[in-house]
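Under mature numbering (1 follows the signal peptide of the UniProt record, and there is no 0), read the sequence shown as residues -24 to -1, 1 to 203, first letter to last.
Please keep in mind that the hints were generated in silico from the structure rather than gathered at the bench.
Being a predicted model, the structure only gives us computed values, none of them experimental.
Note that beta-carbon positions come from the ideal geometry of N, C-alpha and C, so glycine has one too.
Just so you know, not all the hints are guaranteed correct.
Here are the simulated lysine to any residue pairs, SDA-like style, with alpha carbons at most 25 Å apart [said to hold, decoys possible]: (1) LYS144 to SER27; (2) LYS115 to ASP4; (3) LYS115 to ILE157; (4) LYS127 to ASP4; (5) LYS148 to GLY195.
Quick list of simulated restraints, FRET-style, between CB atoms [what the hints assert, rightly or not]: (6) THR19 to LYS95: 15 to 25 Å; (7) SER179 to SER22: 20 to 30 Å; (8) LYS144 to GLY47: 17 to 27 Å; (9) ASN105 to SER196: 20 to 30 Å; (10) SER102 to CYS24: 33 to 43 Å.
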Amino acid sequence: MESKGSNLIKLLLLTQCLTVLCVSQDFDFFYLVQQWPGSYCDTKKSCCYPSTGKPAANFGLHGLWPNYNDGSYPSNCDPNNPFDQSQVSDLTSELQSDWPTLACPSNDGINFWTHEWDKHGTCSESNLNQHDYFEAALKLKQQANLLKALKSAGINPDGGSYSLANIKGAIKDAIGFTPYIECNVDTEGNSQLYQVYLCVDTSGSNLIECPVFPRGRCGSDIEFPTF
């Protein structure tokens, strides 16, 4: 016969497991992450254009990533719901245009979208199904037109250096929310504009001020390379 103490321990463990399960499916906001292809390619690792051809000289989506307010994030939340291309067949041309892959070897982008759904999208299932997830990211990208915002402020992808403060200010002035700028380094070790993070509410519909920014810093002046 089991003791009351043993049963209590089992109950506590079960409650803890259920709590972890629930938390793993929850999140506080999304990061909408767009990357500049010139900076992706202008590194020692280099890049490969997708099988559909060289993408336009514009920011491309990297992902729509659920996050917690403490800076951590859930990942790979539902292995039983893998990426299904048929669910987004009506979005394929937009995905190829606005969410292109630059990974080597050249491919059609399905591997990239599969990774993003499996790692990040499955953690938003309580709010967005597979089609809604990709559609939301595409709509947000149109809403947050980064290249237009920067060009309007005289910040052009011409290989020149620009003030980090001016880059952030141009985006905030045009879009209305404070961005986080991520840098990488070119083949010569110079810091360059790589990715821009904006934050989105849990519905995937509205941009918001970021509760927390990722770690990492750029220099005060960074390059904006050509593509």
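To see whether the hints hold, each was checked on the structure:
| no. | hint | in the structure |
| --- | --- | --- |
| 1 | LYS144 to SER27 | 33 Å, violated |
| 2 | LYS115 to ASP4 | 20 Å, holds |
| 3 | LYS115 to ILE157 | 21 Å, holds |
| 4 | LYS127 to ASP4 | 32 Å, violated |
| 5 | LYS148 to GLY195 | 19 Å, holds |
| 6 | THR19 to LYS95: 15 to 25 Å | 22 Å, holds |
| 7 | SER179 to SER22: 20 to 30 Å | 38 Å, violated |
| 8 | LYS144 to GLY47: 17 to 27 Å | 19 Å, holds |
| 9 | ASN105 to SER196: 20 to 30 Å | 43 Å, violated |
| 10 | SER102 to CYS24: 33 to 43 Å | 36 Å, holds |
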